[in-house]
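For the record, the sequence lines run as chains A and B.
Numbered according to the working numbering, the first sequence spans residues 1 to 167.
Numbered according to the working numbering, the second sequence spans residues 1 to 279.
Derived from the structure by calculation, the hints contain no laboratory data.
As a list, the in silico DSBU-like pairs of lysine-lysine whose alpha-carbon atoms are at most 35 Å apart:
1) A:K3 <-> B:K128
2) A:K21 <-> B:K59
3) A:K14 <-> B:K269
4) A:K17 <-> B:K269
5) B:K76 <-> B:K269
6) B:K59 <-> B:K269
7) B:K76 <-> A:K21
8) B:K76 <-> A:K3
9) B:K45 <-> B:K76
10) B:K59 <-> A:K17
Simulated DEER-style distance windows between Cβ atoms:
11) B:T74 <-> A:T36: 34 to 44 Å
12) B:K128 <-> A:P56: 37 to 47 Å
13) A:L25 <-> B:E268: 18 to 28 Å
14) B:S258 <-> A:T36: 37 to 47 Å
15) B:H191 <-> A:E110: 55 to 65 Å
16) A:P56 <-> B:R31: 50 to 60 Å
17) B:R6 <-> A:H76: 30 to 40 Å
18) A:G82 <-> B:S257: 24 to 34 Å
Model, not experiment: these values are computed from the prediction.
Virtual Cβ for every residue (Gly too), placed ideally from N, Cα, C.
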Amino acid sequence: MQKIPLDLATPGMKLAKPVTKSDGLVLVGAGVELTTTILSRFRASGVQALTVQGRPVDLGDDGGNDLERIAGRLDHLFRKHGQDRFMVTLRNMLRRFFAERIAAARAAEEAEAAALAAAAEAAREEAEALAAQNRISLVPLVDDEPEGVPARPELSDGNGAPRENGR
Amino acid sequence: MSDDLRTTYKGRLLAVKDLPTLPTALQEVSRLLELPNTTTDQVAKVISFDQVLAAKVLKMVNSPIYGFPGRIGTVKHALVLLGFNVIRGLIISTSVYDDMNRAMRGLWDHSVGCSLACGELARALGMKDPEEYAVAGLLHDLGKVVSALQLPEAKARVDALVQEQDLPYIDAETQVLGFGHDRINAWLAEHWNLPPAIREGMAFHHKPMGARIYPQMACVVHVGNFMARLFEYGSGGDDNVPQLSPHALKLLGMNQSSLEALLDTLCEKFADAGELGFA
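Make the full structure from the sequences, and use the hints.
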């Protein structure tokens, strides 16, 4: 999840949080994939920032919640409290806490990537299956054509006649 | 540090009422609040009269700190939802910080971060009126701003000490002035007639067990300040975490799991609070 300015948003990104106007009205819900149309609507509505899934943009500064940055700074921040038993315990607790959260975030990221890959794979398979089905349905149609010709007009006549009556 | 010098410093600090930034609206609001039959309408009218101030107040009350982002459209609505004390704190903080817009941007961010942490903590602990805790957090380093405004030469020496000797800001203040910003906070709170709970939160955020009347408020601001420093949201003047008092955690009934829950909430909230400049 990453909060980015509207200018850096590109079509294809997915919203992690709903986008709201300044009066609280929800414009687009979470989970929606951005398109050029949606982005231009956002621009027209005065939206300045939005939260998207994953970390698509490298912003350099991460606004204070970058777990790895905080974990790396712990020793420096606690440098004055080396003699204080409570503060040392606290630092160790925080170190463990951030290590756990970083691991969890990595696992979630991998799971998300795996889910995306699986979804792409499923979509591809579905498309293939559909194409195969089309091929199968096309084949008998082509084969049947010489004999099937008389049958088809009958069918359309049968359908067409009652409709005209109905009007 | 001689008493004379200390009195001089105190006098110069308290001359803040001459600051161009403190709006006349604040005096008017304070006067109205002392009258027993003041209505919300009257106060809202006074604040709305100053358009810049009204805009700042609305921007702050609609920030994620107070939990109803983007839904408060009028000053009157804000007053009804958040109460007079909170709005008065907002007027003071936005006005005082305004003058330091460029120079002390980091301190404003730090105060916003602390405010956010205090509000979240008070909410998690089920305190009454979490907004008041958030305002106390917003005001907790006001003494630093006012001392920088009124005693710029002292501020330069404090900054130099922090740089050269790697001292925490408050220790450097004590060396240069003879007292820290917590003491200045106490004077300011008294001077502006802030409610006692907010006064204790401001004055005792470094020594929470010294608070007599509202130790819970002081402890919440103490923990909130620690959190803002830990996440390095903004800058409080030096890069250290302050000593966290185990007694304060005990008084608030916090243990490791509630501390972790707070950290989890703050990870998310700090990402959201992105841009809360004054503008």
